[in-house]
Each structure stands twice: as structure tokens, then as C-alpha cells.
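Residues per chain are reported as follows:
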Amino acid sequence: MREQTKINKVLIANRGEIAVRIIRACRDLGIPTVAIYSDADRAALHVRYADEAIHIGPSAPRDSYLRKDKIIAAARKTGADAIHPGYGFLAENAEFAQQVADEGLIFIGPSPSAIATMGDKHAARVAVRRYNVPLIPGSEAGLSDDDLMAAARKIGFPLVIKAVAGGGGKGMRAVHNEANFKEALATARREAESAFGNGDVYLEKLLVGARHIEFQILADTHGNTIHLGERECSIQRRHQKLVEEAPSVFVDDDLRQRMGQMAIAAAQSVNYVNAGTIECLVDEDKNFYFLEMNTRLQVEHPVTELVTGIDLVKEQIRIARGRRMGPTESFLQPKAWAIECRINAEDPYTNFMPSVGKINTLITPTGPGVRVDSGVYSGYEITPHYDSMIAKLICWGEDRGEAMLRMRRALEEYTIMGVKHNIPFHVNLLNSFSFIAGKIDTNFVEQRFSMDTYENAPTDEDLEAAAIAVTLYAHRKRQLATQVVQPGKRDTSNWKWYTRYERMNR
Amino acid sequence: MKYITTINDKTFEVDIDKDGGVTVNGESRAVDFLALGGTLYSLIMNDQSIAAVIDEQHGSYEVEIGGRMYEARVLDERSQLMLARTGGGMDDSGEVSIKSPMPGLIVAVVVEEGQEIEAGQTVVILESMKMQNELKAPRKGIVARIHVSAGQTVEQKKILVTIT
Chain A
142 MREQTKINKV LIANRGEIAV RIIRACRDLG IPTVAIYSDA DRAALHVRYA DEAIHIGPSA
202 PRDSYLRKDK IIAAARKTGA DAIHPGYGFL AENAEFAQQV ADEGLIFIGP SPSAIATMGD
262 KHAARVAVRR YNVPLIPGSE AGLSDDDLMA AARKIGFPLV IKAVAGGGGK GMRAVHNEAN
322 FKEALATARR EAESAFGNGD VYLEKLLVGA RHIEFQILAD THGNTIHLGE RECSIQRRHQ
382 KLVEEAPSVF VDDDLRQRMG QMAIAAAQSV NYVNAGTIEC LVDEDKNFYF LEMNTRLQVE
442 HPVTELVTGI DLVKEQIRIA RGRRMGPTES FLQPKAWAIE CRINAEDPYT NFMPSVGKIN
502 TLITPTGPGV RVDSGVYSGY EITPHYDSMI AKLICWGEDR GEAMLRMRRA LEEYTIMGVK
562 HNIPFHVNLL NSFSFIAGKI DTNFVEQRFS MDTYENAPTD EDLEAAAIAV TLYAHRKRQL
622 ATQVVQPGKR DTSNWKWYTR YERMNR
Chain B
0 MKYITTINDK TFEVDIDKDG GVTVNGESRA VDFLALGGTL YSLIMNDQSI AAVIDEQHGS
60 YEVEIGGRMY EARVLDERSQ LMLARTGGGM DDSGEVSIKS PMPGLIVAVV VEEGQEIEAG
120 QTVVILESMK MQNELKAPRK GIVARIHVSA GQTVEQKKIL VTIT
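In order, the protein sequence lines correspond to chains A and B.
If you're matching positions, the first sequence starts at 142 in the working numbering and goes up one per residue.
If you're matching positions, the second sequence starts at 0 in the working numbering and goes up one per residue.
The shape of chain A in the complex, shown without the other chains (with noise of 0.2 Å):
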């Protein structure tokens, strides 16, 4: 058992809304906060949001997010006695964990021993196997293109090339056949060099027609292990999710049990404190199996919070202090229901290719049963150095239909100029028979969905609405261009006029 230590200032190693995330549960428990930032993030939501923020290096996340050095540089110099990781850059780096102890700080989230054996694929698998828990058949990590062939023959086709250091779907590629694979792995690869700076890749059997199920993990240091149920995540595109909605309309209660309790061990196995993700592949048939172990926060963290009502942030700071966490009992029976879509700058008409520029105009949706997380403002602009989701909106209900249609008016009431976005695919998603009868799979969306088959055209009467709008605009525009006087006649702005014409008044 731990003591019990008081935390009097939290640095966030993060950016975007995720940094906003965790700065409000912060606000929420009366902790004061610093925000770090790079050039790039200088006017960010985050910075704006905490109580002190400090500058540490250019844009690139390599000199600034991902240096292990400046961040606890800022966290000295501030005084903050812990680090929030957030997910992504240093969340899952066991050397930073490390570090961050070394220095007598508190690191709110596992241990590095339980990140270092997770975040390697092959160490994870060892580690669970004793625990009973089931594993997709699969290749060694570390060998060489010419063993990765062979063991490739082995398993057979199709199957998954998976970067050991990996995460978010980089260096991540699907093989349908033993002509494709060498490409495969020269891309998968490059990726993960780039991504990671560790080029080395598994093999994974492909499980056809397989759902993305995840379970909630969290644990304290009074060894309590409980599991908050699951999410399902099957709405992907190129190993990325999209959408995600808890609970599963294919878990029962039998499945969850047992699920569960699968969960449970596999974080037990790596003696597992705070909040982590088991992640699992399930068939057709309910076979599970164990994916891998995210050993940070999820993104997809509120769908799981509406359901159960804890606020998994303030937990996570309540068990890095030591305390007991506020749940001591496992979810089998979720209270409502909740579906999150995320709202990434990216064009669902070209190939969901990302997009940059200003945000110009942006109305939130509000209203019951609506959450936005976001780390955007209207004027903000979106660069590209990090990545494409800027917000992400959530919705509960009752039931499933309840927060679907919540879901369908919320997206109507967002509105997002000046950057594309990925809005109209969420709206063609929930009119798609499929997913309202929640028959999808994670090849859903890459095989069986298109923007064309639900995309209802616009009546004659929108086309009529959005022409006179947009006719009245510009003769209004032409109307007080033609007042203007001409050029040279009067060189001042009209605001200086006004207050001349005033004094003369006065």
C-alpha cells in the first residue's frame, strides 16, 4: 500500500482537447495547472485554459511535445509536483515514466514497468498468456523481412503487419494475399520508423468480420481492480477510430462477464495501477480475444464516463495520490447509453484527406444529452503538425435510439467553416441501416459503407433557400461597396469620421 501524497499543481504534457480535458477535472478538484505549448500551439485552447503555461520549443513534436527534458524543466520551474500524460507523445513512453519518478514527481498514470511490458507487443503477450488470456495467433517480434515472409506462409493470409512500439493504427497494414505483403511491410515499416523511430513489426492473424470491443480498466494502489465495461469501437478507417458507443449492442450480460473478468486478469498480469484499456478482437461467434493493453487514458474515455457516471480523469488523479478510487465494484448493468463521434479536419469527399486553415465560424451543438469535447475556437487555426481530430462530441440517451438521434440533431446544429471536415460522413453513418441495426464489423466502413449510398440530394426548395440567401448576401456586399466613397476623397477609417463629426458637435 502507498501514502497518501497531496498534489498541489498538475503540468499537462499534452496539447488540444485532451489538455482542456484534463485542465477541467483539474479546475474541478481546485488544482491549479500548467499548460505546455510549442510555436505552433502559442494561441491554442489549452494554453488559454491553464493557469500557467510555459514554452517549450519549436512545432515539430520531436523538439517540443516529445522532449522528456523540457517537460519536467516546466514542471520545475513551475513547481508542479505531477505530470498528466494525456495520450499520444509521452503517454505510453516507460522511459518518461521513469524519469518523471526519478525526479520525485508524481506521474499520473502506470508504472513504467507496466507501460515498458504492455507497450512492447511481444512482452504483453507473454505476460497475459499466464493469466489465461486468449491471444490471435501471430508472428515473434524482431525478425528480419525474410523471417517475417516465412512466418507470414505460416499463419496465412489474410493477416495484420503491427509495428511492436505502435499505436493509433501507424505502421499498421492489412495483407490479403502473399503478393501484396512485401509492399505491405516496406510501408508498415517506414511508417512506424517515422511515427516510433522503431521500424520493427509482428504479424498478426486478420480475424474476418471482427468487432473492436475494449474494456475500461481501473485499479488503485489499495489493490482494487474493476472494470467499467465496455466500449465498442468497430467504426474505423485505416485502424483509426471513428466513432464509438457505450455499451456494445452485441456484448450480453453473459459476454461481459466473462469479458470482464478476462480484463481484469490481463491488467492484473503487469500489476497494473490507474486507468488503462484492455483491447480485444471478438468474432462472430463471441470467441475474444486480447489485442493489447493501452496503458494511458483512451480518447474514446467519455462514452464510458456517461455510462457510469464516474469521471475517470479526477479518478485518475485520486489513485496517483494514493487514494482509494471512488468505484470499488465492477459495471455489469450500464446505466444509459452513449455514442461519441470524432470531429477530425478531414474531407470524407476526397479520401478523408486532412485539411488546414482557419476556423472561421463555429457554433457547438448544446442542448440534453450533448457533450463536446473540444480543443478549438472560432479563429483558430489548424496546422499540421499534430494530428486531425479537433473536438469530439458525445451523446447519451436512454437507450441506443435515444442517443442516436441526439446524436443526428447535435451534428445538424455543428457548424464548421473555413477547414473540411468529417461531419457529413457522421451524418450518412447514422442514416446507414447497418450501423442503426448495429451490424458492423471493423472492416465496416473500408468495405461496406460509402458517402454516396445515404447522402439524401437536396430538394429544389434547399437549392432555392440557399440561393436567395446567398443572392441577398452579395447584393447587400454590392449595395454598400457602391457607397463607399471613391478613392483619395477621404483617407481615414469611417470610425475616425464618426468621432471628428462628434468634437464638431460637441
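These are calculated hints, taken from the structure and not from any lab test.
Check the hints yourself; a few may be wrong.
Partial chain B-side listing against chain A, Cβ under 10 Å, derived [as the list claims (entries may be wrong)]:
1) T4
2) N7
3) K9
4) V13
5) V21
6) Q47
7) A51
8) G66
9) K98
10) I105
11) V108
12) N132
13) A136
14) H146
Within a straight-line C-alpha distance of at most 30 Å, the following computed DSS-like cross-link-like pairs (lysine-lysine) qualify [unchecked claim]:
15) K618(A) to K1(B)
16) K209(A) to K455(A)
17) K9(B) to K499(A)
18) K618(A) to K17(B)
19) K427(A) to K218(A)
20) K98(B) to K139(B)
21) K295(A) to K427(A)
22) K139(B) to K157(B)
23) K295(A) to K323(A)
24) K499(A) to K346(A)
25) K455(A) to K150(A)
26) K476(A) to K427(A)
27) K156(B) to K499(A)
28) K9(B) to K618(A)
29) K209(A) to K1(B)
30) K211(A) to K129(B)
31) K323(A) to K346(A)
32) K129(B) to K98(B)
33) K156(B) to K139(B)
34) K9(B) to K98(B)
35) K580(A) to K499(A)
36) K499(A) to K17(B)
37) K618(A) to K139(B)
38) K129(B) to K499(A)
39) K139(B) to K346(A)
40) K129(B) to K323(A)
Glycine included, every Cβ here is placed at the ideal spot set by N, Cα and C.
Could you slot chain B onto chain A? The hints should help.
Below, chain B without anything else, positioned relative to chain A:
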């Protein structure tokens, strides 16, 4: 004042008289159009309440109504005449350039000068926002010039490859 307004691909003849009365293709409409500040507008037309966001970029417009985005073009009679005289429009001849849609790093140029390519064929792989994006040819043709090489960082709108 008479305007030719194109929404997506449909054309409307919109006439706005001195008192602000509006007719569309000769039929009059009861219209109340109010600027709400910024890019936000409220249109009440024949008692229908419509919220619109209008964004003007280089003379063309984007209009958002009810979660739907429209591309719009508004021409007065004179500009309409000018456009008709100068031609306009595109065809399959002449050069097309593939430009960088955002700043990023060229990972690979997967075609060679002089190579014949199909519409939709990948030409350049550009890394930006932590993703590798495949830039594809808008039409078939021959690669005339390659302006960049792998490892190079490029700004937005930089011409990468020219196709004839």
C-alpha cells in the same frame, strides 16, 4: 437588380428590386433576411425559418444550411455576359498541376517523367498531420514534370507534378 445564382449545379435567376422585393425565376417570394453578425444569417421565407452561414472566399461562396454545405456562385448580368464571351469551363486538354493540399513532407514520388498515368492513380505520397496521404491524378495523361523529390518539405499549394 438581376442575378444569376448557381447552387451546386442548379441555376436560379434571382431579381432583387429597389425595395428589397425578391423574385426567383419570375415568382415572387416573401423574404426577410437578417445579418446576425459574423458569418451567420437568418432567412425567413414564406414563414419558413432558415439559419444560414455564408462564407465568401475569393469571389465564390460556401453556404451552410441545416448541416448541409452548398457551393454557390453569384453573377450579375454584366459578369454573366463577360463569362459567356471569354468561354470558361474546363476540358481534358492542356496542363493540370497536382498541388500540395497542405504543408507536409514528400515521402515518395511514385511516378516518373514521361510516364503515362490513369485518372485516380497515386502520384505523390505526402505526410502531414501524422498521416501518409496519397495524392492522385485528377485525369489521365502523361507526367510532364516532377517539381519535388522525396524528403522535401513543401508549403501548401506548391505545384508537385504537372500532367499533360
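Evaluated hints:
no.	hint	in the structure
1	T4	5 Å, holds
2	N7	7 Å, holds
3	K9	5 Å, holds
4	V13	4 Å, holds
5	V21	6 Å, holds
6	Q47	7 Å, holds
7	A51	4 Å, holds
8	G66	4 Å, holds
9	K98	12 Å, violated
10	I105	13 Å, violated
11	V108	15 Å, violated
12	N132	6 Å, holds
13	A136	13 Å, violated
14	H146	19 Å, violated
15	K618(A) to K1(B)	15 Å, holds
16	K209(A) to K455(A)	24 Å, holds
17	K9(B) to K499(A)	29 Å, holds
18	K618(A) to K17(B)	15 Å, holds
19	K427(A) to K218(A)	52 Å, violated
20	K98(B) to K139(B)	16 Å, holds
21	K295(A) to K427(A)	25 Å, holds
22	K139(B) to K157(B)	21 Å, holds
23	K295(A) to K323(A)	16 Å, holds
24	K499(A) to K346(A)	42 Å, violated
25	K455(A) to K150(A)	14 Å, holds
26	K476(A) to K427(A)	23 Å, holds
27	K156(B) to K499(A)	16 Å, holds
28	K9(B) to K618(A)	23 Å, holds
29	K209(A) to K1(B)	64 Å, violated
30	K211(A) to K129(B)	22 Å, holds
31	K323(A) to K346(A)	17 Å, holds
32	K129(B) to K98(B)	19 Å, holds
33	K156(B) to K139(B)	21 Å, holds
34	K9(B) to K98(B)	28 Å, holds
35	K580(A) to K499(A)	37 Å, violated
36	K499(A) to K17(B)	36 Å, violated
37	K618(A) to K139(B)	41 Å, violated
38	K129(B) to K499(A)	19 Å, holds
39	K139(B) to K346(A)	38 Å, violated
40	K129(B) to K323(A)	23 Å, holds
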